[in-house]
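Quick note, the sequences are listed as chains A and B, same order.
Going by the UniProt record's numbering, the first residue of the first sequence is number 1, and it counts up by one from there.
Going by the UniProt record's numbering, the first residue of the second sequence is number 1, and it counts up by one from there.
Source of the hints: derived by calculation from the structure; they are not laboratory data.
Misleading hints may appear alongside valid ones.
Note that the list lumps identical chains together, so a pair holds whenever it fits in one copy or between two copies.
The list that follows gives simulated cross-link-like pairs (lysine-lysine, DSBU-like), each with its CA atoms no further than 35 angstroms apart [claimed, not checked]:
id: 1; residue 1: Lys151; residue 2: Lys53
id: 2; residue 1: Lys107; residue 2: Lys151
id: 3; residue 1: Lys151; residue 2: Lys88
id: 4; residue 1: Lys88; residue 2: Lys53
id: 5; residue 1: Lys107; residue 2: Lys88
id: 6; residue 1: Lys200; residue 2: Lys151
id: 7; residue 1: Lys161; residue 2: Lys151
id: 8; residue 1: Lys238; residue 2: Lys200
id: 9; residue 1: Lys161; residue 2: Lys200
id: 10; residue 1: Lys107; residue 2: Lys200
id: 11; residue 1: Lys53; residue 2: Lys161
Here the structure is a predicted model, which is why all the values come from computation and not from measurement.
Here are the chains, one letter per residue:
Protein chains: 2
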Amino acid sequence: MPKNRKLDRPVILGIVGDSAAGKSTLTAGIANVLGADRVATICTDDYHAYDRKERAANGLSALDPRCNHVDILEQHIRLLRDGHPILKPIYNHSTGTLDRPEYVEPKEYIILEGLLGYSTRAMRDCYDVKVYLEPEEDLRVAWKIHRDTTKRGYTEEQVIKQLEHRVHDSEHFIRPQRTFADMVVSFYRPEGQGEETGAKLNVRHTLRPTLPHPDLTPIVEGSKHGIRLELARDTDGKPVDVLDISGEVDDRRAMAMEDLVWNLIPEASHLRDNLGRFTDVNNTQATSHPLALSQLLITYHLVKAALGHYAV
Amino acid sequence: MPKNRKLDRPVILGIVGDSAAGKSTLTAGIANVLGADRVATICTDDYHAYDRKERAANGLSALDPRCNHVDILEQHIRLLRDGHPILKPIYNHSTGTLDRPEYVEPKEYIILEGLLGYSTRAMRDCYDVKVYLEPEEDLRVAWKIHRDTTKRGYTEEQVIKQLEHRVHDSEHFIRPQRTFADMVVSFYRPEGQGEETGAKLNVRHTLRPTLPHPDLTPIVEGSKHGIRLELARDTDGKPVDVLDISGEVDDRRAMAMEDLVWNLIPEASHLRDNLGRFTDVNNTQATSHPLALSQLLITYHLVKAALGHYAV
Chain A
1 MPKNRKLDRP VILGIVGDSA AGKSTLTAGI ANVLGADRVA TICTDDYHAY DRKERAANGL
61 SALDPRCNHV DILEQHIRLL RDGHPILKPI YNHSTGTLDR PEYVEPKEYI ILEGLLGYST
121 RAMRDCYDVK VYLEPEEDLR VAWKIHRDTT KRGYTEEQVI KQLEHRVHDS EHFIRPQRTF
181 ADMVVSFYRP EGQGEETGAK LNVRHTLRPT LPHPDLTPIV EGSKHGIRLE LARDTDGKPV
241 DVLDISGEVD DRRAMAMEDL VWNLIPEASH LRDNLGRFTD VNNTQATSHP LALSQLLITY
301 HLVKAALGHY AV
Chain B
1 MPKNRKLDRP VILGIVGDSA AGKSTLTAGI ANVLGADRVA TICTDDYHAY DRKERAANGL
61 SALDPRCNHV DILEQHIRLL RDGHPILKPI YNHSTGTLDR PEYVEPKEYI ILEGLLGYST
121 RAMRDCYDVK VYLEPEEDLR VAWKIHRDTT KRGYTEEQVI KQLEHRVHDS EHFIRPQRTF
181 ADMVVSFYRP EGQGEETGAK LNVRHTLRPT LPHPDLTPIV EGSKHGIRLE LARDTDGKPV
241 DVLDISGEVD DRRAMAMEDL VWNLIPEASH LRDNLGRFTD VNNTQATSHP LALSQLLITY
301 HLVKAALGHY AV
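Working from the sequences, and respecting the hints, build out all of it.
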């Protein structure tokens, strides 16, 4: 077992959200912080029961649990959590086909990202940290059109049509999972700006008391700009902390928050260099304080879980 | 639970043997006796880790455990035994490719047939009945050439070359599994005859005391022809019963043995009509006493296991 690790099984992070909510980007970012060789990534899309043609024929969307081997996904999470390998199915997003499965061994950390990761109780019980991604809807639509037309071989018209067809399934199957997350992470544009991606987006974290979040009061006290923490009621009326980080936050304040959180997990200080990089739409490396601090807060919980602090 | 069934999990039959030993034919026959809707069939070839091209490149034969996801096979048998579904990989024998996996639910009976079914202790512990198929070697070679050239797209030359290449792996990985079987079933030709398939083959059952075999003494006593039972030493020196059934056994004697065994499992008498049919090389339905009686002896144990007689 690596030093500073107490938990004798993989730490499991869930990243759930609607199509093009930014799951893969966040997953890649977190995996990069932890070190790719220590992380196994599972995408729940791989558990589609039907290929693209079959879905077109039977009229089911990929968001519908009936369109997915949810029981097998559940079984595989449990197996990985118990330290066993799995033979993971593969859904090929480029071709829309189901390909030969791949052998996956559990690693120190497992990130499970996808549409339906919190859809059953047995599944939810497996996670150490549950994140739900909920970007501003216009932003998600823009991201989806960009991705599906450039990487998945759809036309813009097809994507827009698909979005319309999926409204029902999205509301019924995806969004209800928000309530099970320890953290809801929402990227959104500064008011009045059309900026779609990149460094200037703000982020809002809705922090539920289901995890012991780090005490950020020292750096947010008395602050009016950049980073704000407020007690609030969530959309369901439940009490939550709401953390707002502006894309315009100055480097000094962002660094102060980074320092504060890293100092709470000195065991993981060597990971600090890997934080906050992402590849923007122009395929250039960029950094963003809201993204870096979001990755950091999630990493904080993963490190704490690995140290056994959240073990029952 | 169906009537007359006591065991609260699937009954698992193993049928192991070298390539073209007749595993699929026996599996299909037994499934036919029990009723196809009550049987799930798993072929261990589906757990190949490499497709045909990759095997040609890496020089491993399909008989080599390193060429197979043995740990996943083990996991899947255990899951099915515990009543859980699996997402089973698929090896396509026609194309030599690994295809999209299929969802398999456990049924009352599970037949696991293939090259490596008894290769680990954890796997062996899952079976209720373990059969090893060991036809006369010349017969197996003839069967293999016939099948691989007609159904798997190989030339006769390729098959012969493959057989030569596989001698080592066959000796090291397949044949050692014989020792774990409750029954070794060997079809062989009548002396001096070239008959390769069909009704006139004899069969020899080597019956190990690891299962309580039915008492056949009433029908074999004093008999010199057709059906013989003898106490013998197995190739490893261990005491066994050897049951020989001639392809030339007359209908009356064969029927007497059928009656005797069916009377020991009255709960399954409705299955009797399904016994002993097979499709011969000319794709015509045929019956053979040695085949029918072999199927019956195996069915006997499966029914007894389902009734809970072999439960610990």
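Which numbered hints fail = Violated hints: none at all, because every hint is consistent with the structure.
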